Amino acid sequence: MSTAASPADGGLHGADVSRQTVQPSWVRVTHWINVLAVLVLVTSGWRIYNASPIFGFTFPKQITLGGWLGGALLWHFAAMWVLFVNGLIYLCANIVSGRLRHRFWPLTARQIASDLVAALRGHLSHDDLRQYNAVQKFAYLGAIGLLVLVVLSGLAVWKSVQLPLLRELMGGYDNARIVHFFAMAGLVFFTLVHVIMVALVPKTLLLMIRGR
Amino acid sequence: MRRASRKSNIGASALSPRDQHELLKDARALLAPPARRLFLRHGMTLGGLVMLSGCGVSNSADAEHLLMKVSRFNDKVQAWLFDPNKLAPTYPESMITRPFPFNAYYSEAEAPVVEGNGFFLQVSGRVERRDIWSLEQLAALPQEEQITRHICVEGWSAIGRWGGVPFATFLERIGADRSARYVGFRCADDYFTSIDMPTALHRQTLLTLRYDGQTLPRKYGFPMKLRMPTKLGYKNPKHIVEIFVTNDYPGGYWEDQGYNWFGGS
Numbered sequence: 001m002s003t004a005a006s007p008a009d010g011g012l013h014g015a016d017v018s019r020q021t022v023q024p025s026w027v028r029v030t031h032w033i034n035v036l037a038v039l040v041l042v043t044s045g046w047r048i049y050n051a052s053p054i055f056g057f058t059f060p061k062q063i064t065l066g067g068w069l070g071g072a073l074l075w076h077f078a079a080m081w082v083l084f085v086n087g088l089i090y091l092c093a094n095i096v097s098g099r100l101r102h103r104f105w106p107l108t109a110r111q112i113a114s115d116l117v118a119a120l121r122g123h124l125s126h127d128d129l130r131q132y133n134a135v136q137k138f139a140y141l142g143a144i145g146l147l148v149l150v151v152l153s154g155l156a157v158w159k160s161v162q163l164p165l166l167r168e169l170m171g172g173y174d175n176a177r178i179v180h181f182f183a184m185a186g187l188v189f190f191t192l193v194h195v196i197m198v199a200l201v202p203k204t205l206l207l208m209i210r211g212r
Numbered sequence: 001m002r003r004a005s006r007k008s009n010i011g012a013s014a015l016s017p018r019d020q021h022e023l024l025k026d027a028r029a030l031l032a033p034p035a036r037r038l039f040l041r042h043g044m045t046l047g048g049l050v051m052l053s054g055c056g057v058s059n060s061a062d063a064e065h066l067l068m069k070v071s072r073f074n075d076k077v078q079a080w081l082f083d084p085n086k087l088a089p090t091y092p093e094s095m096i097t098r099p100f101p102f103n104a105y106y107s108e109a110e111a112p113v114v115e116g117n118g119f120f121l122q123v124s125g126r127v128e129r130r131d132i133w134s135l136e137q138l139a140a141l142p143q144e145e146q147i148t149r150h151i152c153v154e155g156w157s158a159i160g161r162w163g164g165v166p167f168a169t170f171l172e173r174i175g176a177d178r179s180a181r182y183v184g185f186r187c188a189d190d191y192f193t194s195i196d197m198p199t200a201l202h203r204q205t206l207l208t209l210r211y212d213g214q215t216l217p218r219k220y221g222f223p224m225k226l227r228m229p230t231k232l233g234y235k236n237p238k239h240i241v242e243i244f245v246t247n248d249y250p251g252g253y254w255e256d257q258g259y260n261w262f263g264g265s
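Listed in order, the protein sequences are those of chains A and B. Just so it is clear: in the first sequence, position 194 is 194 by the numbering used here, and no numbers are missing. Just so it is clear: in the second sequence, position 208 is 208 by the numbering used here, and no numbers are missing.
None of these hints come from the bench; they were simulated from the model. Hints are not guaranteed to be accurate.
Below, simulated DSS-like cross-link-like pairs (lysine-lysine); rule was C-alpha separation at most 27 Å, straight line [what the hints assert, rightly or not]:
no.	chain 1	residue 1	chain 2	residue 2
1	B	K76	A	K159
2	B	K76	B	K86
3	A	K61	B	K69
4	A	K137	A	K203
5	A	K159	B	K69
6	A	K159	B	K86
Facing chain A, from chain B, some residues (calculated, C-beta under 10 Å) [claimed, not checked]:
no.	residue
7	D62
8	L66
9	L135
10	A139
11	C152
12	W156
13	S157
14	S265
Because the structure is a prediction, the values reported are computed rather than measured. Just so you know, even glycine gets a beta-carbon here, dropped at the ideal spot from N, CA and C.
Next comes chain A alone, as it looks inside the complex (with noise of 0.2 Å):
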């Protein structure tokens, strides 16, 4: 296992980059754990959410996981923990190892903006992956954020009674199933902008396996 490459040694490219590894294991585990923990989630949770919708929709039937609500509920509350846990894991040894520190700061709003113009424009250079843009930093921390927003309302659906700071922190029980929503379909919508940003630069997909 190996630490994340720090901006000290950004110097080498090409070749060399290859051979390094962008990405330790720890973060690889925690990263497909995390897509298939997701992946339940959201597809019960969708399920569970028809039992009772929010909003004037349903989710199409084929594209929910558990048949009914009671097997909806069975799947959410065991991939609750893998999420959990497997977060914990990911957020403690991003912090311990430095790569939290390393690879995400310094982030500043202008450069976000710089950034994005320069991707929009397709001017934004893939060719060091050990070096996140702006843009990508914004967007991992994002989904980071989303993912506790979606456990602490989570947790404040389930546990309302249990956990009165939680509730009064999500506006109630009944406003703290709509944060545990729109978490939700924040999380969809950056999953499907980084599986596009993945095709089309798909080194990275080989990055988030083999580490190099």
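Keeping the supplied structure of chain A fixed, place chain B upon it in accordance with the hints.
Then chain B, alone, in the frame of chain A:
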């Protein structure tokens, strides 16, 4: 058969309560195991199977077994999380949901008809006094009222006003074994459920005889409903005809089909 028993008039039945009890028990024993095994057979989607085959879980029975194990683990986590001194929020009268929604696995017209005159609540299991209780006797016990939020497992919630006997008081009157693990309920419809003793003794757990200042109407569970604002709706049995205290896991109508047993909120 289910429909017939649901519509049967318990209070005026020709069978003695003991016979009814035994008959129901036999019927349940016949019905429960296949129902228990069925819940994911008709519930599993193709996506779920594909996903699981990757993890070495080859068929839906294995998946179901695994998921039920996690659900039992979640029971333990919820029992650990349950704080006997923590109260569910209460609300002003102006916030009561009107009309309060009817909710059951059948339509409102199919709700059981229980005759109040001559009705007796049965008490059994680990209790010192197995006396039967008339509605008048229950009404003579200390009464309390609460305006709390009912949270359905489906996600919706509604605020209602219930009145009745604090369940801890009732358990005390019947000399219930407070160290027992479960309190079980049989209902005038097919419904049955069970709860943990700490929740049974919770201050807001109410054996309700009244709704919004009126005698509990048929649609909300006449003759009585156990109201627990610390548990989801399906854990709050209506049309209760028998209460028993036991150490043997009694399960429940929905719980046996896959709903989480603790069902805490």
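- Message: Going through the numbered hints above, which ones does this structure break? Give me the numbers in ascending order.
- Response: The structure conflicts with hints 7, 9 and 10, although it agrees with all the remaining ones.
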